[in-house]
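With chain A held as given, fit chain B onto it using these hints.
Residues per chain are reported as follows:
Number of protein chains: 2
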Amino acid sequence: MAEGSDDIQALIALMGRLPGLGPRSARRIVLHLIRKRQGQMAQLSALLDSVASNSRECLTCGNITDRDDCAICTDPARATGEICVVQDVADLWALERGHAFKGRYHVLGGTLSALDEIGPEDLGIPSLIDRIARDRISEVILALNATVDGQTTAHYIADALEGTGVTVTGLAQGVPIGGELDYLDDGTITAALRARRRL
Amino acid sequence: MAEGSDDIQALIALMGRLPGLGPRSARRIVLHLIRKRQGQMAQLSALLDSVASNSRECLTCGNITDRDDCAICTDPARATGEICVVQDVADLWALERGHAFKGRYHVLGGTLSALDEIGPEDLGIPSLIDRIARDRISEVILALNATVDGQTTAHYIADALEGTGVTVTGLAQGVPIGGELDYLDDGTITAALRARRRL
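Respectively, the protein sequence lines represent chains A and B. Each residue of the first sequence is one higher than the one before, counting from 836 in the working numbering. Each residue of the second sequence is one higher than the one before, counting from 836 in the working numbering.
The shape of chain A in the complex, shown without the other chains (with noise of 0.2 Å):
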């Protein structure tokens, strides 16, 4: 047994299954820890602990909380006439740090996928629709991702949102600031290109 007890290879073969970590990696991070026993790793295990049996999805949109609603949906500063639907808790904290947004979220899940078999019932899109028509909902913003899925997930809620008088949105296609047209796809170019507009 190279690596000093049982428990201690269980633990680098656990970290070694986390995205973006093998084993080479969840070794370093656990003899590290090891080294601070007593403060970081102690620390660790006790945060670990605590959030997995606190959290819990957001009853409203479906966001990562540690109560029954989390405090985007309870927050009375944010606009409750927008919804922003986004695919992932990830895209939903990625929205967040951009400051820009201050409306609530829906967050699905996932992806329409005929492939895997994913249906609308299995994103929850019959609850953002509901939704939708409770709250007195203006507008739906598709903060999907521009891959085939994202898009097709948009069209699909676009589609069954018509005639009720919402308006739905998409977010914009472009350039990213800082990009390098040298460096992008054709697709985005020509995306920008159609979608330009006057200086």
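If you are wondering where the hints come from, they were derived from the structure by calculation, not from laboratory data. Since the model is a prediction, treat every value here as computed from it, not as a measurement. Beta carbons: idealized from backbone N, C-alpha and C, even for Gly. Warning: the hint list may mix true and false statements.
[Unchecked claim] Chain A side only, calculated, beta carbon under 8 Å to chain B, not exhaustive:
| no. | residue |
| --- | --- |
| 1 | Gly839 |
| 2 | Arg872 |
| 3 | Ala887 |
| 4 | Val1001 |
| 5 | Thr1002 |
| 6 | Val1003 |
[As the list claims (entries may be wrong)] To be clear about the criterion: a stretch of chain A counts as covered by chain B if any three or more of its residues have a C-beta under 8 Å from a C-beta of chain B, and this derived list gives those stretches:
| no. | segment |
| --- | --- |
| 7 | 840-846 |
| 8 | 856-863 |
| 9 | 874-880 |
| 10 | 964-977 |
[Said to hold, decoys possible] A few chain A residues facing chain B, derived, Cβ under 10 Å:
| no. | residue |
| --- | --- |
| 11 | His867 |
| 12 | Asp923 |
| 13 | Val1010 |
Chain B only, in chain A's frame:
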């Protein structure tokens, strides 16, 4: 608060300070764990807690273990006459994965460094010399990094053992297995040429 709860933010911050991780990879790992909070996350917390409370340094060699003396030091099948001196526990693990060495180890926990004021006492070099005198050691293999500090430390130990009758060896230097000459640094090629051997 973008990321769910205070605990989630603290967990991301703590994870992001681990070697090789940053805020982005930490967020990705934490979200992955929250999705698997009943299984992987609870398991990880329990293992971290167990390793943090049970790990300690082997009293003889400095290896990480969950007992007073490590599995290597107490293994009767391993030669007692050979000590392999390594800088860190990570190096011991790397050698053990090679399955080539069947003796005992001695972990220094660093290298001599005038700049960082690390002297022989800080590295357990006196305890290594005591151990060699006490345990009838025939060979000491200095498996230290091929860096300036590593080689300085190796020379210091070799000098300290002069006249004791112990054979002191070092790892061979040369072309790594699978290495292409074109991509090797000049120092390695020169060392490999100097240490050339008859085929």
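A quick look at each hint next to the structure:
1. Gly839: holds, 4 Å
2. Arg872: holds, 4 Å
3. Ala887: holds, 4 Å
4. Val1001: Given a least distance of 26 Å, the restraint on A:Val1001 is violated.
5. Thr1002: violated, 26 Å
6. Val1003: At 25 Å from the nearest chain B Cβ, A:Val1003 fails the 8 Å test, so the hint is violated.
7. 840-846: That given contact holds, which follows from 5 residues of the segment 840-846 of chain A lying within Cβ reach (below 8 Å) of chain B.
8. 856-863: The restraint on the segment 856-863 of chain A holds, since 4 of its residues have a Cβ under 8 Å from chain B and three suffice.
9. 874-880: Since three or more residues must qualify, the claim that chain B covers the segment 874-880 of chain A holds, with 6 doing so at under 8 Å.
10. 964-977: violated (count 0)
11. His867: holds, 5 Å
12. Asp923: holds, 8 Å
13. Val1010: Violated - the Cβ of A:Val1010 stays beyond 10 Å from chain B, reaching only about 22 Å at its closest.
In summary, the structure is inconsistent with hints 4, 5, 6, 10, 13 from the numbered list given earlier, while agreeing with the others.
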